[in-house]
Amino acid sequence: MTTAELRENFLISSLFTVGKLEMVYSDVDRVIVGSAVPAGEALKLGVIEELRTEFFLERRELGILNIGANGVVTVDGVEYRMENGDCLYVSRGSKEMTFLSDDNSQPAEFYLASYPAHADHPTTLAKKADAAAVHLGAAESCNVRTIYKYIHPEGIRSCQLVMGYTELAEGSVWNTMPSHTHVRRSEVYMYYDMVDDARVFHYMGEPQETRHLVIGSKEAVISPSWSIHSGSGTAAYKFCWVMGGENQIFDDMDHLGMDQIL
Numbered sequence: 085m086t087t088a089e090l091r092e093n094f095l096i097s098s099l100f101t102v103g104k105l106e107m108v109y110s111d112v113d114r115v116i117v118g119s120a121v122p123a124g125e126a127l128k129l130g131v132i133e134e135l136r137t138e139f140f141l142e143r144r145e146l147g148i149l150n151i152g153a154n155g156v157v158t159v160d161g162v163e164y165r166m167e168n169g170d171c172l173y174v175s176r177g178s179k180e181m182t183f184l185s186d187d188n189s190q191p192a193e194f195y196l197a198s199y200p201a202h203a204d205h206p207t208t209l210a211k212k213a214d215a216a217a218v219h220l221g222a223a224e225s226c227n228v229r230t231i232y233k234y235i236h237p238e239g240i241r242s243c244q245l246v247m248g249y250t251e252l253a254e255g256s257v258w259n260t261m262p263s264h265t266h267v268r269r270s271e272v273y274m275y276y277d278m279v280d281d282a283r284v285f286h287y288m289g290e291p292q293e294t295r296h297l298v299i300g301s302k303e304a305v306i307s308p309s310w311s312i313h314s315g316s317g318t319a320a321y322k323f324c325w326v327m328g329g330e331n332q333i334f335d336d337m338d339h340l341g342m343d344q345i346l
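Residues in the sequence shown are numbered consecutively from 85, following my numbering.
With a straight-line cut-off of 20 Å between C-alpha atoms, the simulated EDC-like cross-links for lysine to aspartate or glutamate are:
(1) K211 <-> D277
(2) K104 <-> D186
(3) K211 <-> E238
Hints are computed from structural coordinates only; laboratory data are not their basis. No experiment lies behind these values; they were computed from the predicted model shown.
Go ahead and model the full structure; you've got the sequences and the hints to work with.
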């Protein structure tokens, strides 16, 4: 594929428009990626044509990460107050959902990720302090980072959705290198908290035939199960990762040596 074809098929650059709720459906494990940035009246999550269901979560589950200012997500009449870095898991079968900002001049920015679900787990809010934090990397390899795990088998329980985010330290630029694949599930990276002129070079493709996409802040890239997913940035950044597929084991990765990546 050419760069233009890769961007058309795997890059999502339409997210986080102020005052709108946007959703993108992919045939890669039937993941739906979206955002809600309320800046006035509450935004309501309705049905989309691709699902042919009475309500959005009739046969799905949903993860929400707030990367903006404070806001409220209301699920079937229950309010969940979310600060920056908080994560909400929303159960299959939840019928009504709205998004609201505390201050419309500084709106909440809700990142949404949904996979099909065949079991129910309770709607659960996790504050940033509740996340399982794992510190990795070294300064000499420019990859000092902290992984915050929210939705996973030892944290918030779900059917197949796994969700969290990674924060790189100042002066570190590399994520997930040496890279890996996991043919049992797909993954989506959404990069954010980048300065205006910063970019991430996101590497994808089969290990012996890699490609790259140049990505700005608040853009997401879909990584099919056969693809590596790594990145290097021109400055520090964060990225939210979501996975769905055959299993939920975070460490189930097919690791690659640097001599295997071409």
